[in-house]
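Between the sequences and the hints, there should be enough to build the whole structure, so can you do that?
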Amino acid sequence: MLMLQSQTAEIVSAGAFPAVRSPRARGAVELDHFDSTDMRCWLTRGRSVEQAAELARIWRSYPDLPPTAPLVDRMARGRERIAAMKPLNDAIAAKTEAERQNRNFAFMASRAQDGTITDSEIAILRGRDLHGYD
Numbered sequence: 011m012l013m014l015q016s017q018t019a020e021i022v023s024a025g026a027f028p029a030v031r032s033p034r035a036r037g038a039v040e041l042d043h044f045d046s047t048d049m050r051c052w053l054t055r056g057r058s059v060e061q062a063a064e065l066a067r068i069w070r071s072y073p074d075l076p077p078t079a080p081l082v083d084r085m086a087r088g089r090e091r092i093a094a095m096k097p098l099n100d101a102i103a104a105k106t107e108a109e110r111q112n113r114n115f116a117f118m119a120s121r122a123q124d125g126t127i128t129d130s131e132i133a134i135l136r137g138r139d140l141h142g143y144d
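Using the numbering used here, you'd call the opening residue of the sequence shown number 11 and step up by one each time.
Hints are computed from structural coordinates only; laboratory data are not their basis. Take these hints with a grain of salt, some might be off.
The calculated label-pair distances, taken between Cβ atoms and stated as ranges, are [stated by the list, open to error]:
| # | residue 1 | residue 2 | range |
| --- | --- | --- | --- |
| 1 | F117 | K96 | 39 to 45 Å |
| 2 | A122 | P77 | 58 to 64 Å |
| 3 | F115 | G88 | 35 to 41 Å |
| 4 | R70 | E109 | 37 to 43 Å |
| 5 | E109 | L81 | 18 to 24 Å |
| 6 | A122 | V59 | 35 to 41 Å |
| 7 | G88 | G142 | 37 to 43 Å |
| 8 | A79 | F44 | 17 to 23 Å |
| 9 | D124 | K96 | 40 to 46 Å |
| 10 | V82 | N112 | 17 to 23 Å |
Just so you know, even glycine gets a beta-carbon here, dropped at the ideal spot from N, CA and C.
In structure tokens, the structure reads:
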């Protein structure tokens, strides 16, 4: 273990990490409880209402099997749930990418307006306008 010369050799526990407080209503869901079938659980973790509802629906449709179920069945259930989540995950990824492009191009457009844009940024905007590059 790498230590500073001024540190003692004794290792002190960092203790428990404090729970992260959500900006949402306090009664929405308990911080130390995770129920994937409850839409509120996904809302407190930053998902939109539509995403939270779909995630909760998928988890209700494909719940975990008990540990006593055969491994093959439990693995199959996981694959079914993943397949059911693929359209949602793809939609989230597409939305995130569209937001990223909007932010980046808005930033460059604002730099063009203030006159601080660089030649490479002009080339990027030109490529977007002429060829649809992102």
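Which numbered conditions among the earlier hints are violated in the structure presented, ordered from lowest to highest? 1, 4, 5 and 10
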